[in-house]
Amino acid sequence: MEYTSGATSWQKVLRRAAAGLLPRRPRQRRPGWSIGVPLIAAAAGLLFTTSATTADGTALREDRRPQLNQLIEDRREQVAASERRAATLRGEVEQRTNTLAGSDTPIKSQQNRAQGSLQAAGFTALAGPGVTVELNDAPQLDQTQSDASNDDLVVHQSDVQAVVNALWAGGAEAMSIMNVRVLTTSAVRCVGNTLLLHGRVYSPPFKIVAIGDPAALQQALASSEGVRLFKDAVDDYQLGYKETTSTVRVPAFEDSTALRSATVPK
1 MEYTSGATSW
11 QKVLRRAAAG
21 LLPRRPRQRR
31 PGWSIGVPLI
41 AAAAGLLFTT
51 SATTADGTAL
61 REDRRPQLNQ
71 LIEDRREQVA
81 ASERRAATLR
91 GEVEQRTNTL
101 AGSDTPIKSQ
111 QNRAQGSLQA
121 AGFTALAGPG
131 VTVELNDAPQ
141 LDQTQSDASN
151 DDLVVHQSDV
161 QAVVNALWAG
171 GAEAMSIMNV
181 RVLTTSAVRC
191 VGNTLLLHGR
201 VYSPPFKIVA
211 IGDPAALQQA
221 LASSEGVRLF
231 KDAVDDYQLG
241 YKETTSTVRV
251 PAFEDSTALR
261 SATVPK
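Here the sequence shown stands for residues 1 to 266, where the numbers follow full-length UniProt numbering.
Note that these hints are calculated values from the structure, not bench results.
Hints may contain errors.
Stated by the list, open to error - PhoX-like mimics (lysine-lysine), calculated; alpha carbons at most 20 angstroms apart, straight line: (1) K242 / K231; (2) K207 / K231; (3) K266 / K231.
To be verified - Here are the in silico distance ranges between beta carbons for each label pair: (4) Q219 / R76: 34 to 44 angstroms; (5) E134 / A169: 46 to 56 angstroms; (6) D235 / A169: 31 to 41 angstroms; (7) D235 / Q95: 53 to 63 angstroms; (8) Q95 / V234: 14 to 24 angstroms; (9) P106 / L229: 51 to 61 angstroms.
What you are looking at is a predicted structure, and each value in this text was computed from that prediction instead of being measured.
By construction, the Cβ of each residue, glycine as well, lies at the ideal position given by its N, Cα and C atoms.
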């Protein structure tokens with residue numbers, strides 16, 4: 001009887017549950033979730049806004065090399081225009097100085113003093129016996145070493161500096177790189193496989209010309225550790241190295257001579 005009575009009670013409970021008459025369990029609220037949803041939405045909106053601003057209306061993965069090439073070309077034209085303007089102004093200054101020198105003795109004296117230093121300072125073109133060195137990158141499609149990297153196949157700043165320093169050490173009287181006169185204040189820098197000299201960018205092959213005793217210059221090149229290392233790379237990776245002797249010419253220095261800083265040697 002008790003079993004039957006219990007079964008009847010459970011049947012009543014089930015019927016009441018089916019009819020939705022039983023009290024429901026109170027739902028537990030999750031305050032963290034209600035706060036997190038707006039924060040996640042705000043962060044997503046900020047991310048989308050930042051991406052759109054960065055892309056500036058274009059795809060982020062869009063190839064922008066044509067725009068970069070155009071930018072470089074525009075800057076080269078601006079530099080060339082500035083150089084022409086500077087040359088015109090230097091000519092005007094020289095002309096007015098010559099005019100004043102005709103009636104002003106101190107100016108004439110200083111002008112004569114400056115004229116005597118032009119050649120030593122590199123402001124006159126020179127010609128004479130010397131050495132020409134050309135450095136070139138290796139052929140990209142003809143790698144002799146399977147483990148060669150891109151760095152192994154290009155001329156580096158240290159390679160150009162090694163040749164320049166060796167020629168100065170060999171007694172070079174005047175020197176030019178890519179037909180640009182270099183002085184004691186000239187800096188040789190490479191950006192990738194391009195050469196940056198006096199604000200201009202040059203691509204290989206890099207041509208270095210030095211006036212001096214050809215035998216002494218060649219001996220200095222042969223004794224240079226940096227040049228020897230480059231010649232080893234020539235044998236290993238087919239980099240280009242060409243050394244010739246002949247009567248050469250170097251142009252006059254035509255850029256600004258203003259010094260931005262100087263220090264007294266100890």
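### Message
Checking each numbered hint in turn, tell me which of them this model violates, lowest number first.
### Response
3, 5, 6, 8
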